[in-house]
Amino acid sequence: MAASFGVSSAAVQAVKSSASPLPSPPVIRSEARPISGRINRSRKAGKIATHAVAARTENPASAASKTGHEVLLFEALREGLEEEMERDPRVCIFGEDVGHYGGSYKVSKGLAEKYGDLRVLDTPIAENSFTGMAVGAAMTGLRPVVEGMNMGFLLLAFNQISDNCGMLHYTSGGQFTIPTVIRGPGGVGRQLGAEHSQRLESYFQSIPGIQMVACSTPYNAKGLMKAAIRSENPVVLFEHVLLYNLKERIPDEEYVVSLEEAEMVRPGKHVTILTYSRMRYHVMQAAKTLVNKGYDPEVIDIRSLKPFDLHTIGNSIKKTHKVLIVEECMRTGGIGASLTAAINENFNDYLDAPIVCLSSQDVPTPYAGTLEEVTVVQPPQIVTAVEQLCR
Amino acid sequence: MACSATAKIIHNPLMLSSSRSAEKYESCCKISGPTSLLGSKFLGKKLLSAKSAISPASRRSGAVVAVSSDVVKEKKLKSSSSAASNLLITKEEGLVLYEDMYLGRAFEDMCAQMYYRGKMFGFVHLYNGQEAVSTGFIKLLKQEDCVVSTYRDHVHSLSKGVPARQVMSELFGKTTGCCRGQGGSMHMFSKEHNVLGGFAFIGEGIPVATGAAFTSKYKREVLKENCDEVTLAFFGDGTCNNGQFFECLNMASLWKLPIVFVVENNLWAIGMSHLRSTSDPQIWKKGPAFGMPGVHVDGMDVLKVREVAQEAIGRARRGEGPTLVECETYRFRGHSLADPDELRDPAEKAHYATRDPITALKKYLFENNLANEAELKAIDKKIDEIIEDSVEFADASPVPARNQLLENVFADPRGFGIGPDGKYRCEDPKFTEGTAQV
Numbered sequence: 001m002a003a004s005f006g007v008s009s010a011a012v013q014a015v016k017s018s019a020s021p022l023p024s025p026p027v028i029r030s031e032a033r034p035i036s037g038r039i040n041r042s043r044k045a046g047k048i049a050t051h052a053v054a055a056r057t058e059n060p061a062s063a064a065s066k067t068g069h070e071v072l073l074f075e076a077l078r079e080g081l082e083e084e085m086e087r088d089p090r091v092c093i094f095g096e097d098v099g100h101y102g103g104s105y106k107v108s109k110g111l112a113e114k115y116g117d118l119r120v121l122d123t124p125i126a127e128n129s130f131t132g133m134a135v136g137a138a139m140t141g142l143r144p145v146v147e148g149m150n151m152g153f154l155l156l157a158f159n160q161i162s163d164n165c166g167m168l169h170y171t172s173g174g175q176f177t178i179p180t181v182i183r184g185p186g187g188v189g190r191q192l193g194a195e196h197s198q199r200l201e202s203y204f205q206s207i208p209g210i211q212m213v214a215c216s217t218p219y220n221a222k223g224l225m226k227a228a229i230r231s232e233n234p235v236v237l238f239e240h241v242l243l244y245n246l247k248e249r250i251p252d253e254e255y256v257v258s259l260e261e262a263e264m265v266r267p268g269k270h271v272t273i274l275t276y277s278r279m280r281y282h283v284m285q286a287a288k289t290l291v292n293k294g295y296d297p298e299v300i301d302i303r304s305l306k307p308f309d310l311h312t313i314g315n316s317i318k319k320t321h322k323v324l325i326v327e328e329c330m331r332t333g334g335i336g337a338s339l340t341a342a343i344n345e346n347f348n349d350y351l352d353a354p355i356v357c358l359s360s361q362d363v364p365t366p367y368a369g370t371l372e373e374v375t376v377v378q379p380p381q382i383v384t385a386v387e388q389l390c391r
Numbered sequence: 001m002a003c004s005a006t007a008k009i010i011h012n013p014l015m016l017s018s019s020r021s022a023e024k025y026e027s028c029c030k031i032s033g034p035t036s037l038l039g040s041k042f043l044g045k046k047l048l049s050a051k052s053a054i055s056p057a058s059r060r061s062g063a064v065v066a067v068s069s070d071v072v073k074e075k076k077l078k079s080s081s082s083a084a085s086n087l088l089i090t091k092e093e094g095l096v097l098y099e100d101m102y103l104g105r106a107f108e109d110m111c112a113q114m115y116y117r118g119k120m121f122g123f124v125h126l127y128n129g130q131e132a133v134s135t136g137f138i139k140l141l142k143q144e145d146c147v148v149s150t151y152r153d154h155v156h157s158l159s160k161g162v163p164a165r166q167v168m169s170e171l172f173g174k175t176t177g178c179c180r181g182q183g184g185s186m187h188m189f190s191k192e193h194n195v196l197g198g199f200a201f202i203g204e205g206i207p208v209a210t211g212a213a214f215t216s217k218y219k220r221e222v223l224k225e226n227c228d229e230v231t232l233a234f235f236g237d238g239t240c241n242n243g244q245f246f247e248c249l250n251m252a253s254l255w256k257l258p259i260v261f262v263v264e265n266n267l268w269a270i271g272m273s274h275l276r277s278t279s280d281p282q283i284w285k286k287g288p289a290f291g292m293p294g295v296h297v298d299g300m301d302v303l304k305v306r307e308v309a310q311e312a313i314g315r316a317r318r319g320e321g322p323t324l325v326e327c328e329t330y331r332f333r334g335h336s337l338a339d340p341d342e343l344r345d346p347a348e349k350a351h352y353a354t355r356d357p358i359t360a361l362k363k364y365l366f367e368n369n370l371a372n373e374a375e376l377k378a379i380d381k382k383i384d385e386i387i388e389d390s391v392e393f394a395d396a397s398p399v400p401a402r403n404q405l406l407e408n409v410f411a412d413p414r415g416f417g418i419g420p421d422g423k424y425r426c427e428d429p430k431f432t433e434g435t436a437q438v
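These protein sequences, in sequence, are chains H and U.
Per the UniProt record's numbering, residue 1 is the first one in the first sequence, and the count goes up by one each step.
Per the UniProt record's numbering, residue 1 is the first one in the second sequence, and the count goes up by one each step.
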């Protein structure tokens, strides 16, 4: 069953008293220069706290480290998981087919062989119960990472995610922390059908007590995975089915990105485009067209779906005075709807025009390819929206 | 670990449940006292007509005390011959059990009083009549063992060691409560005493208990610590029709988790009779279906419960896996203080009132010369004082200040977002301006 795992007893004493986590490693935001340190070994790194976000320049990862290594997004997630499991013996994975099968998207490939069947637990098909198990394990000292084979399956775990993950820290008066990470692929894929193409971020966003982040590049996927595992809060990490094979060069050094900050993808001055997950790529594609037409869009990948990074977003709005939100969530009650409300409340004075929000259609995602294409926002629509906004 | 013993237990309950001959049944049951599964005539008829009913012979004799796994059965056979001379408890143990049950009863009675006086609100579910289950199980645990309960959790918390003051304050909604007033009657938590809640939705707590048991196994096998902590999950008959119950029975048995599933079968889920909602009302039978022993015990008798509990907890501690224990018990009051309790047959209530667990234990202690009237009265007085003190303490405690509202939403307040200077937004005064106007 479980592989024997040489762990110094000192590191293990702290399991029951989850008050004092291991010292944090260098935390760098996506834009800063990397701190050099050995991979997987930097336990006593200097305390470099997250600084406030300010406007940034180009894609940081490639600028930061030419000596990094190329990975696909799912490999980056796996690296993040593996590094955290190596660093802290309390980190474990629960999910269907995460162990021997290596994960249905290969995110946990090889981990069961390395860490044993108990640390990488193949669960029966009982989402509500194994998510609840993760909550119970987290309350008693472990740090579980729960994988939903598809985010849609986590609808079955809604009871546990909402009532227990989100609420128990509060209803116990702060006595118990629930440091779980709930992750899985969601979003519209290639003709996967309605039930496998759900975007759960809109359903989860009202739950008090959880944080939500969405990764979009291998760099931020690994960073967010590590940050989520280290966080004392329950975090839901949204991945996207179509982004798992993205390739990027990421640093060799250990790094973590902040869970609460947005990423400046492309600075500009004409319009602020807020997006996340796969729509980032549709936006960037549209941005190429827009640049050719003479526009200068500022593209921000909001990354943190709950809480919104209103600081970065606000600074951008103060500069451009126009906002376009591009998301894959549905129109009704989606992330875009919340973001629109938040921006209107906080930055109303800075807006020259009403916020435009491009979301998916309020339909169950059809199977037919042509219909599916029209369900989500496509680059030409983004171009048109910007042109109209900037008129 | 004890592999052969495990194999035996998995196979035998399956055989036991299918052979329903009267002889075999009576030989493995210890018959004592007039009991019957149901007091109400109407319900009694239903049981007789059910297909897989208890054999007529044992129904006539009236006793369904314990249909137990092989291991427990052996123990019973050994001791039943000399039952009279073998006392099940010592004097100290007896007094501890009595005190704990009386504490539970007195506390719940005080809760009712306070509720009707307007000191506590909402849904308050009282445990009167079921004390034997809580005391019988929890008094065998160590501090590190975990208890998970439902909304009927005051007495589980008290038995586990949470001070009455903290529980009463929590009920009054004061900041000195065990959950700072944020949980309430249905959410009793204590990190110090390892009470993992307190859950409002039934079935919600069973996976949490399974997770706590998983941690225990993880600590032993992955972290190589010396850990034999056991988790007890308490829930009712209504929960046994819920998916989470079955899913957790499966997982606990699959991974041999150190957990005991304790069903407090009081026959009623608010107004829904157990027989009207369950295709096979004998809950203990669902254990063997998942490969764990299923035990049925008279939940109004603390000594019988304790005996079964000892075996089940011992199994879990030794790593032999989970057990499903069905305790036949009864709640004297309604489902909650808001329930008029009109549906239950008064004859049934009267019947169970004669089987009050505290009276039964008292009788046992007197009959076996373990205690006298004066000692028990002294305990009563002590407990009454503790309860009075807890009410005074709760009355005198401060209500939570408004700025407590946002304090425990996140363990790491960065969950509220970070502000312009990198500080947590909930420290930022502008943050609270727009929100709840605290």
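A hint or two may mislead.
As the list claims (entries may be wrong) - No more than 25 angstroms apart at the CA atoms, straight line, and that leaves these computed lysine-lysine pairs for DSS-like:
no., chain 1, residue 1, chain 2, residue 2
1, U, LYS377, U, LYS91
2, U, LYS91, U, LYS423
3, H, LYS109, U, LYS363
4, U, LYS423, H, LYS319
5, U, LYS423, H, LYS318
6, H, LYS319, H, LYS288
7, H, LYS114, U, LYS362
8, U, LYS224, U, LYS174
9, U, LYS377, U, LYS363
10, U, LYS256, U, LYS217
11, H, LYS269, H, LYS247
12, U, LYS423, U, LYS139
13, U, LYS139, U, LYS119
14, H, LYS269, H, LYS288
15, U, LYS423, H, LYS114
16, U, LYS377, U, LYS174
17, H, LYS114, U, LYS91
18, U, LYS363, U, LYS382
Since the hints were derived computationally from the structure, they do not count as laboratory data.
How the hints compare with the structure:
Straight-line distance between C-alpha atoms of LYS377/U and LYS91/U comes to about 15 angstroms, which keeps the hinted pair within the 25 angstroms bound. This hinted pair does not check out: LYS91/U and LYS423/U have alpha carbons roughly 60 angstroms apart, beyond 25 angstroms. Among the hinted pairs, LYS109/H with LYS363/U is inconsistent with the structure: their alpha-carbon atoms are about 63 angstroms apart, more than 25 angstroms. For a cut-off of 25 angstroms, the pair hint linking LYS423/U to LYS319/H stands: about 23 angstroms separates their Cα positions.
Restraint check: the Cα-Cα separation between LYS423/U and LYS318/H comes to about 21 angstroms, which is no more than 25 angstroms; the hinted pair holds. Among the hinted pairs, LYS319/H with LYS288/H is consistent with the structure: their alpha-carbon atoms are about 21 angstroms apart, no more than 25 angstroms. Restraint check for LYS114/H and LYS362/U: not satisfied, since their Cα atoms lie roughly 58 angstroms apart, outside the 25 angstroms limit. Between LYS224/U and LYS174/U the CA atoms are separated by roughly 41 angstroms; this puts the pair beyond 25 angstroms, and the hint is violated.
Restraint check for LYS377/U and LYS363/U: satisfied, since their Cα atoms lie roughly 14 angstroms apart, inside the 25 angstroms limit. Taken as a hint, the LYS256/U and LYS217/U pair is honoured in the structure, with Cα atoms around 9 angstroms apart against an allowance of 25 angstroms. For the hint pairing LYS269/H with LYS247/H, the CA-to-CA distance comes to about 29 angstroms; that exceeds 25 angstroms, so the pair is violated. About 47 angstroms separates the Cα atoms of LYS423/U and LYS139/U, which puts this hinted pair outside 25 angstroms; it is violated.
For the hint linking LYS139/U to LYS119/U, the alpha-carbon distance of about 30 angstroms lies beyond 25 angstroms, and the restraint is violated. A C-alpha spacing of about 15 angstroms is found between LYS269/H and LYS288/H, which places the hinted pair at or below 25 angstroms, so the restraint holds. A threshold of 25 angstroms between alpha carbons decides the hint, and for LYS423/U with LYS114/H the separation of about 39 angstroms lies outside it, so the pair is violated. Restraint check for LYS377/U and LYS174/U: not satisfied, since their Cα atoms lie roughly 32 angstroms apart, outside the 25 angstroms limit.
Of the pairs offered as hints, the one joining LYS114/H and LYS91/U is violated, with about 53 angstroms between alpha carbons and a cut-off of 25 angstroms exceeded. With a CA separation close to 20 angstroms, the supplied pair LYS363/U and LYS382/U stays within the 25 angstroms bound.
In summary, the numbered hints that this structure violates are 2, 3, 7, 8, 11, 12, 13, 15, 16 and 17.
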